[in-house]
Amino acid sequence: GAGVSQSPRYKVAKRGQDVALRCDPISGHVSLFWYQQALGQGPEFLTYFQNEAQLDKSGLPSDRFFAERPEGSVSTLKIQRTQQEDSAVYLCASSLLTAGSNQPQHFGDGTRLSIL
Amino acid sequence: QKEVEQNSGPLSVPEGAIASLNCTYSDRVSQSFFWYRQYSGKSPELIMSIYSNGDKEDGRFTAQLNKASQYVSLLIRDSQPSDSATYLCAVNMGSSNTGKLIFGQGTTLQVKP
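As they're listed, the protein sequences go chains A and B. Throughout, the numbering used here is defined as the position within the first sequence, counted from one, plus 3. Throughout, the numbering used here is defined as the position within the second sequence, counted from one, plus 15.
Isolated chain A (complex conformation) (with noise of 0.2 angstroms):
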């Protein structure tokens, strides 16, 4: 596609549920990153994919969050026993080359995530 892609746009999850959020980078580009944006905040790095090795998750809040690129294109983000602190969007930006050439991020549009 033409720009990064992420579904939901918005979800609603009771404390607790799991949730799973996708992102679909532009395609060919081997860097894909997530980033949790709070209200009012910028946002802030969760994990790092180059293809599909997932070399930095130095940001993830806690071990309930995971996220996987197995063929190194589509990336999920998902969240388990989902808490209220949870709530925020969620950025999935891509590049097009390896993390060291300092190639600009391009941004999805994001998910919208609100725990009850």
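Treat the hints with care, since some could be wrong.
[Said to hold, decoys possible] Keeping only pairs whose Cα atoms sit at most 16 angstroms apart, straight-line, the calculated EDC-like set for lysine to aspartate or glutamate is: (1) B:Lys17 <-> A:Glu47; (2) A:Lys17 <-> A:Asp27; (3) A:Lys17 <-> A:Asp89; (4) B:Lys57 <-> A:Asp112; (5) B:Lys57 <-> B:Asp93; (6) A:Lys14 <-> A:Glu71.
None of these hints come from the bench; they were simulated from the model.
Fit chain B to the known structure of chain A by using the hints.
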């Protein structure tokens, strides 16, 4: 001290004026710097990138980088009401080898007709 700091604003300027947005960062060896514009409920949109000291101009936008002062700014000339948005400064810290961006909290710009 936050790694990337911005004044949250709001910064209010009249239409046609120059808007000046500022950002400071803590990691002296940071290598690349980006400005993103984010409209309410929308994704961050890249508007400028800058990698070396000095000025970089693109249309009405000018990014300025001073690595010695650890300071990056964005100037918007002839501001338009459509420029009203939150502007995010993002830095690729030199200490990171994964390309992750560290964002400031964003500055809200209001351009009044």
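- Quick one, are Lys17 (chain A) and Asp27 (chain A) close enough, alpha carbons at most 16 angstroms? Judged against 16 angstroms, a Cα distance of about 26 angstroms means the pair is violated.
- Query: Taking 16 angstroms as the top limit, are the C-alpha atoms of Lys14 (chain A) and Glu71 (chain A) close enough?
  - Reply: Violated, at roughly 19 angstroms.
- Item | Distance restraint between Lys17 (chain A) and Asp89 (chain A), which requires alpha-carbon spacing of 16 angstroms or less | holds, 11 angstroms
- Query: For the pair supplied as a hint, Lys57 (chain B) and Asp112 (chain A), is the alpha-carbon distance within the 16 angstroms limit?
  - Reply: OK: Lys57 (chain B) and Asp112 (chain A) at ~6 angstroms, within 16 angstroms.
- Query: Lys57 (chain B) and Asp93 (chain B): Cα distance at most 16 angstroms?
  - Reply: violated, 24 angstroms
- Query: Is the Cα-Cα distance between Lys17 (chain B) and Glu47 (chain A) 16 angstroms or less?
  - Reply: holds, 12 angstroms
Going down the numbered hints, you'll see the structure goes against 2, 5, 6, while the others check out.
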